[in-house]
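*Asks:* Listed below, chain by chain, are the residues.
There are 2 protein chains.
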Amino acid sequence: MAEQLKILLDESEMPTRWYNVIPDLPEPPPPPLHPGTHEPVGPDDLAPLFPMDLILQEVSGESFIDIPEEVQQVYRMWRPSPLYRARGLEKALGTPAKLYYKYEGVSPVGSHKPNTAVPQAFYNARQGVRKLTTETGAGQWGSAMAFACQIFGLECEVWQVRSSYDSKPYRKTMMEVYGATLHPSPSDLTQSGRDLLALDPDSPGSLGIAISEAVEVAVADEDTKYCLGSVLNHVLMHQTIIGEEALLQLAKVGDSADVVIGCTGGGSNFAGLSFPFIRENLAGRGNAVIRGVEPAACPSLTRGTYRYDFGDMAGFTPLLKMHTLGHDFVPDPIHAGGLRYHGMSPLVSHIYELGLMEAVAKPQNESFAAGVQFARTEGIIPGPEPTHALAEMISEAKRCTESGEAKTIVTILSGHGLLDLSSYESYLTGEVPDYDYPQEKVDAAMARVPQVAG
Amino acid sequence: MAEQLKILLDESEMPTRWYNVIPDLPEPPPPPLHPGTHEPVGPDDLAPLFPMDLILQEVSGESFIDIPEEVQQVYRMWRPSPLYRARGLEKALGTPAKLYYKYEGVSPVGSHKPNTAVPQAFYNARQGVRKLTTETGAGQWGSAMAFACQIFGLECEVWQVRSSYDSKPYRKTMMEVYGATLHPSPSDLTQSGRDLLALDPDSPGSLGIAISEAVEVAVADEDTKYCLGSVLNHVLMHQTIIGEEALLQLAKVGDSADVVIGCTGGGSNFAGLSFPFIRENLAGRGNAVIRGVEPAACPSLTRGTYRYDFGDMAGFTPLLKMHTLGHDFVPDPIHAGGLRYHGMSPLVSHIYELGLMEAVAKPQNESFAAGVQFARTEGIIPGPEPTHALAEMISEAKRCTESGEAKTIVTILSGHGLLDLSSYESYLTGEVPDYDYPQEKVDAAMARVPQVAG
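Residue numbers (my numbering), protein chains in the order written: chain A, 1 to 454; chain B, 1001 to 1454.
Treat the hints loosely; a few may be bogus.
Subject to a maximum C-alpha distance of 20 Å in a straight line, what follows is the list of computed EDC-like cross-link-like pairs (lysine to aspartate or glutamate) [said to hold, decoys possible]:
(1) B:K1006 - A:E358
(2) B:K1091 - B:E1405
(3) A:K98 - A:E402
(4) A:K252 - A:D10
(5) A:K407 - A:E358
(6) B:K1091 - B:E1402
(7) A:K91 - B:E1069
(8) B:K1091 - A:E70
(9) B:K1006 - A:E11
(10) B:K1252 - A:E11
(11) A:K6 - B:E1070
(12) B:K1006 - A:D10
(13) A:K91 - B:E1070
(14) A:K398 - A:D258
(15) A:K131 - A:D221
(16) B:K1006 - A:E13
Covered by chain A, according to a simulated footprint, are these stretches of chain B (three or more residues, beta-carbon under 8 Å) [what the hints assert, rightly or not]:
(17) 1232-1239
(18) 1377-1389
(19) 1413-1422
No wet-lab data here; the hints were simulated from the structure. Fair warning: this is a prediction, and the values are worked out from it, not measured in the lab. Ideal placement from N, C-alpha and C gives every residue a C-beta, glycine not left out.
With the hints as constraints, model all of the structure from the sequences given.
*Replies:* Right, here's the structure in full:
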């Protein structure tokens, strides 16, 4: 009898509710603050940016929220996604550990991002919005949003961080095939872009800058709203379908997780996998170690300061209490591994502060090496982002080899790397130096972050 | 109740036998001939190139051949592949037709090619072969072979057509991630490459040239063999798992095919889907129209001559009776849509001559337009090759709209286009002119093809 490699669910077994972790936490996360008054923002403050359904989800006290039928219908194009047992990698490592990965690269755009792009487009379309603006770095979020907007008949305008826009032309074409309009950021289409270009005409851009541009355009037009691919509560909640499916899939093979590992940039794929496991832990039904893995070159959780900061460079967004490297952070151009946002999701930051999860940082050469080993043993070339989680899974599996423990380790392969092969090329030719983001730069950046009581 | 979009099979429902169409045909296909003697080649003639298991499959009279357990195990990484109902495209077309597509882009390398790369690597490894050589055009076959060789511990050396090697660096990196060694073809590593470079130092290369180089290296080394990604009987047979699954999947939803459509280059994805349907037709259990679709720029079936010709440019291979544009065919550089081989598989050619299938040619702009419409309605960006089949499916669906017929049309989406986005970029910017390969060039090429009785 053959070993089962894929643990699948029927379409009929797909979860029909998203999970909101907030009501289950021992204390609620600190609220976002108005950038001018420093008072907590209310739903009306967010209305120029988001449709009311998403604002209500952002502040919801319900533990579960029904997934609209129209969204479920789109999810079923690729969901439920497979949970794989990584037999090839286990064998190569000679580990007693059982390694599983939840594979989100099966979505049409090749990552987990459509899990939230689709409901965001749906709720906006239902409210009569005509156009959505957003930012994107490597382009995974932008292509997910372009895909989702096409489905619900929305226009989509994307500001892509210039360094990625120039170096990853395939992502740009992908967004155009889906009908989106692209701009490199900083652009001369917005005041914030023009201001920045005046200071630095050759700016490589950053997510913080691109957010400022997309927000500026959205608030200037009644029919246009903005959307974000990570960080916010409702975005993370949409991703929890990943962890809900994984729990069902592990139960199918009579297994349960000892360690749950995900990479962290803004926090959305990590939260999507881990929040349902955190619920099981809090309810006494599980006992899994929950571990985020970030790049050493952008270490918001392990080296950032936990304080209120802006979500964007220009300071248009509410102040968010989060682990931050400073809202004017610009990633080092030699960093090829994605996960480049200056802050960690406030909800993930809060959960980290509560001690409900761990965090580690991995250098990019170790991460790419894990990606290549994974490709050669499991067949799938991982996106550069989840290679960080794979590097930690491999470290944990090696610890199991030493200790003899047969732990069950579950990670999320948030996307494939087929549109990031230029990063692999740089790695294979020895052109991705390791870079430890220095504490001094974090400390210096903090002087430029507004002081907020609390 | 939601409409079912994906028709899935359990791993346990995966077919465990490949189908060999030859015994069911009213007459056998003409044999390959020795390039020197023009006598039919026997198994021993092929032994320098292929392991005996594959040679025996090439000439087998059995209707079904068991898939080795080791191969099934690898297949289960992505198989059974989904059959999708294209509801989004149906709606956009307003057609009464039911449109299905069998999606092979779920394999780790994103195409149907591993269905044969995996057994080819397996049988070679079992016979003690150390290294495999092969050719590749756009790189789908080369990456499948690199993936498969890695699994079974074989070295893999690939000659890639230079024009693709230069314009598609992501495919090159993909093969390197899987551990293969790449050379642009023509190369100075072989006599045939050097001879060609002496005539034309700037040659863009062709599959026929790359085959000559890979064959030359394989025959010169006892431990090295050669493998081919299409054309040959055993290659097409390995792909029949696609059609066998599709028959089971259609039966699951109580449907049966009226029209079966696949794109044809060498013929392997077309044969993989259609041969099981041809069996059903011949047995009186089905009545589907079987239709191959080729690019107007490389129209071997619709414009080529049916005669014996070489499989490669240098004339190292056996003479194969097939529809051919001439073994010295070099595709026009403006042709972006894949499917660039000068000949059609002898078995597909024979079946075409028997009247068991139809063939049409599609220009590349209509094909890319179909690809973009498909991406915007079904979410998946198709490889340039299957856009030809999609263009014909759309034509057929429009004919159904006119006639009011609710035909069931089944096609194969042989791969995604994520590594071919530069071709889409050329299309979106209006840079892919249509090109009808002229009959005069075919006729002129025939004068350079050896005369063979029969």
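*Asks:* None of the hints should be skipped; say for each whether it holds.
*Replies:* Checked hints:
Distance restraint check for K1006 of chain B and E358 of chain A: the Cα-Cα separation of roughly 38 Å exceeds the 20 Å cut-off, and the hinted pair is therefore not satisfied. The straight-line distance between the Cα atoms of K1091 of chain B and E1405 of chain B is roughly 15 Å, inside the 20 Å bound, and the hint therefore holds. Under the criterion of a C-alpha separation no larger than 20 Å, the hint pairing K98 of chain A with E402 of chain A is consistent with the structure, at around 15 Å. Straight-line distance between C-alpha atoms of K252 of chain A and D10 of chain A comes to about 12 Å, which keeps the hinted pair within the 20 Å bound.
For the hint pairing K407 of chain A with E358 of chain A, the CA-to-CA distance comes to about 17 Å; that is within 20 Å, so the pair holds. Pair hint K1091 of chain B plus E1402 of chain B holds up; C-alpha atoms about 15 Å apart against a cutoff of 20 Å. Taking the CA atoms of K91 of chain A and E1069 of chain B, the gap is about 18 Å. The hint holds against a cut of 20 Å. With a C-alpha separation of about 15 Å, the suggested pair K1091 of chain B and E70 of chain A falls inside the 20 Å cut-off, and the hint holds.
For a cut-off of 20 Å, the pair hint linking K1006 of chain B to E11 of chain A stands: about 8 Å separates their Cα positions. Of the pairs offered as hints, the one joining K1252 of chain B and E11 of chain A holds, with about 15 Å between alpha carbons and a cut-off of 20 Å not exceeded. With a C-alpha separation of about 16 Å, the suggested pairing of K6 of chain A with E1070 of chain B holds against the 20 Å cut-off. For a cut-off of 20 Å, the pair hint linking K1006 of chain B to D10 of chain A stands: about 10 Å separates their Cα positions.
Between K91 of chain A and E1070 of chain B the alpha-carbon distance is near 15 Å, which keeps this suggested pair within the 20 Å criterion. Under the criterion of a C-alpha separation no larger than 20 Å, the hint pairing K398 of chain A with D258 of chain A is consistent with the structure, at around 15 Å. Between K131 of chain A and D221 of chain A the CA atoms are separated by roughly 9 Å; this keeps the pair inside 20 Å, and the hint holds. A hinted pair counts as satisfied when its Cα atoms are at most 20 Å apart, and K1006 of chain B with E13 of chain A qualifies at roughly 14 Å.
Taking a C-beta to C-beta cut-off of 8 Å, the region 1232-1239 of chain B contributes 0 residues in contact with chain A, too few for the three needed, and the coverage statement is violated. Coverage of the region 1377-1389 of chain B by chain A holds. Counting CB-CB distances below 8 Å, 4 residues qualify, and the rule asks for three or more. Coverage of the region 1413-1422 of chain B by chain A holds in this model, with 4 residues showing a Cβ closer than 8 Å to a Cβ of that chain against a need of three.
Violated hints, in rising order: 1, 17; the structure is consistent with all others.
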